[in-house]
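J.: The whole structure should be built from the sequences, with the hints applied where relevant.
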Amino acid sequence: MAEQISGQHQPHPDLSPPVTTVGVLGWLRQNLFSSPVNSLFTLAMIYLLYISIPPIIKWAFIDADWAGSTREACDSGGACWVFVKVRFSQFMYGFYPEDQTWRVNMAFLLLIVLSIPLFIKSFPKKAWLGAFILCIYPIIAFYLFYGDAFGLERIETTQWGGLMLTLILAGVGIVAALPIGIVLALGRRSNMPIVKSICIGFIEFWRGVPLITVLFMSSVMLPLFLPEGVTIDKLLRALIGIVLFQSAYMAEVVRGGLQAIPKGQYEAADALGLSYWKSMTLIILPQALKLVIPGIVNTFIALFKDTTLVLIIGLFDLLGMIQAAFADPKWLGYAIEGYVFAALVFWIFCYSMSHYSQRLERKLHTGHKRN
Amino acid sequence: MKLLKSLTAITGLALLAAASNVAAGTLDDVKKKGFVQCGVTTGLAGFSFPDEKGNWTGIDVDTCRAVAAAIFGDAKKVKFSPLTAKERFTALQSGEIDMLSRNTTWTLTRDTSLGLNFAGVNYYDGQGFMVKKELGVKSAKELDGATVCIQAGTTTELNLADYFRSNKMKYTPITFDKSDETVKGFEANRCDMLTSDQSQLYALRIQLADPGSAIVLPEVISKEPLGPVVRQGDDEWFNVVRWALYAMLNAEEMGITSKNVDNMKKSEDPGIRRFMGLEGIKGSGLKLPDEWAYNIVKHVGNYGEVFDRNVGQGSPLKIGRGLNALWSDGGIQYAPPIR
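Protein chains in written order, with the numbering used here: chain A, 1 to 371; chain B, 1 to 339.
Think of the hints as simulated: they come from the structure by calculation, not from any bench. Computed from a predicted model, the values in this text were never measured in an experiment. Where hints are given, some of them may not hold.
[Unchecked claim] For lysine-lysine, the following DSBU-like pairs were computed, each having C-alpha atoms within a straight-line distance of at most 30 angstroms: (1) B:K282 to B:K32; (2) B:K86 to A:K330; (3) B:K32 to A:K85; (4) B:K178 to A:K58.
[As the list claims (entries may be wrong)] A few chain A positions that, by computed beta-carbon distances, are all more than 12 angstroms from chain B: (5) V24; (6) L40; (7) I57; (8) W66; (9) S115; (10) P124; (11) C135; (12) G171; (13) K263.
All C-beta atoms in this analysis are idealised placements derived from N, C-alpha and C, irrespective of residue type, glycine included.
T.: Here it is as structure tokens:
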């Protein structure tokens, strides 16, 4: 008794929250069973997963065949990954001669090694490294791929294929389309009537035609108009088509960013006495491009997937190579395995791009974001 | 409308101009550059597809190799341009390729309006039927009232309608978009039979869980002669391609194979001696080396060998010779004599 009186006021210790609101149970209740409708959906989804996931896992892993090198090895009823295994190097390099594939590996390895410092925050002179990757690296890569110099054997572009070709198409498309797109976007907002109308004409023309048409024109019509004996490399034709096509889309994305910059920013730049190019490169574009990162990456991802369209002009990108492989009578009927593999590879690349863009957004976030 | 018309006219003119531009002298060009540029499919079982090592293989591919062997004595001096169905004729017209050997059906329209010539037939195809063995059907005529699995939007669909109507039979079509789906539908018993070009039926049959459970009926209801194509107006080159094909047929008829060709060279038979370029006109008419025919058989094989290895019993497709047997064996493959 005495203790109670003399002691100071002791609050009753907190009751632990009801078991139904914490831990696993609480999380379930809050997220999955918060209302009758949600509960119903949850149960339906669980049922759907139950009937779809186990068969997929059974097909792709448990019943799958991994070992062996012929069709006969695939007899357990599941996926036949042997097909992908046997053709793997073809899916990666196309018809590139086997003893020369080190050149492709080297080119991509070099790119990875060069890019790593860009991700390290404190690395000095990043701008120079970036410029090197954009200006000098493509030349090195070209000579590695194509050869015909420095004692390297010449490998015609018709022998390029598989994932290598997909990456070349997407890489060149992305790297070339962005600067052209920026210039076009600036041109479209220019006060100079001729520049402006040329840019509008260009953008609207290329946005108005489907990529398939562009590729067809480049591969089917163009050769007819060229003088006899002049042939432009098919891959080069496709690349030019893709770059022009994508730069029009890029221009519109960038223009969206330019329009979002308040007028005051333009006026402030003018008031500082900056020239047009200085005000653009120092003030407007850094802000505008940052705003449209999601749009730019969206276009890149779309471009990456659009490269599969080169199949219709007889270039074997990853998907084309896979489709050609299951025309082999020895492997007829294993289309699903091929497509699953293609989907996986494409997903890895597209997801990485999307992930990188989110990282970039966070890094460049300087207070405009609304939470 | 006017604009459209003039655009079409210009395109047409350009096509013609391009076709005539490169018409002459293909053989000389090929000799100069050292290889034959040959248009093939982007992947069709048995006809042209890349094998595990990336080498093009197939009956259409071997036709190109035969031409290269005839000119250079080396079947490897070919470069292949994989072409889609839509670009194949333009690629030939514009001179991007020297010959087209791409599963292409010879029709009047194509022969006359494209500025191209068909040099021969390397495979007589035609639309046929595949049924389950358990039905016990021996002929398509017994199939009144059948359900038919078919790929949508192809001439196959029209041929089928014609065939059933002219035989006063009824059928229910079940259409699919892709050949993979068609064969799945057939396997799931959604239809009694499946129809497509015969060469394709064999390719589809392999995809069944038990290929032995289905048979291809003997009836062929359409004519699809497939053969190599060259530009019109270049007779020299046309002759080379045509006779490369004939040489393979003649070799089979005379019993010359890639294995015994060196022994046969010692033969006293005047026909074989002419074939080997030891007497007669030799290579001069074609402007080829005298042993052009010998080289074809030596490096590629005779028609029977090529057929067997790519689509016949030596391949997973196991297509019977049928129409493609020699005329002396009940087929219609016939070549004029080399003399």
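J.: Now tell me if each hint is right for this structure.
T.: Verification of the hints:
no., hint, in the structure
1, B:K282 to B:K32, "holds, 22 angstroms"
2, B:K86 to A:K330, "holds, 27 angstroms"
3, B:K32 to A:K85, "violated, 41 angstroms"
4, B:K178 to A:K58, "holds, 26 angstroms"
5, V24, "holds, 43 angstroms"
6, L40, "holds, 33 angstroms"
7, I57, "holds, 21 angstroms"
8, W66, "holds, 17 angstroms"
9, S115, "holds, 30 angstroms"
10, P124, "holds, 45 angstroms"
11, C135, "holds, 33 angstroms"
12, G171, "holds, 23 angstroms"
13, K263, "holds, 43 angstroms"
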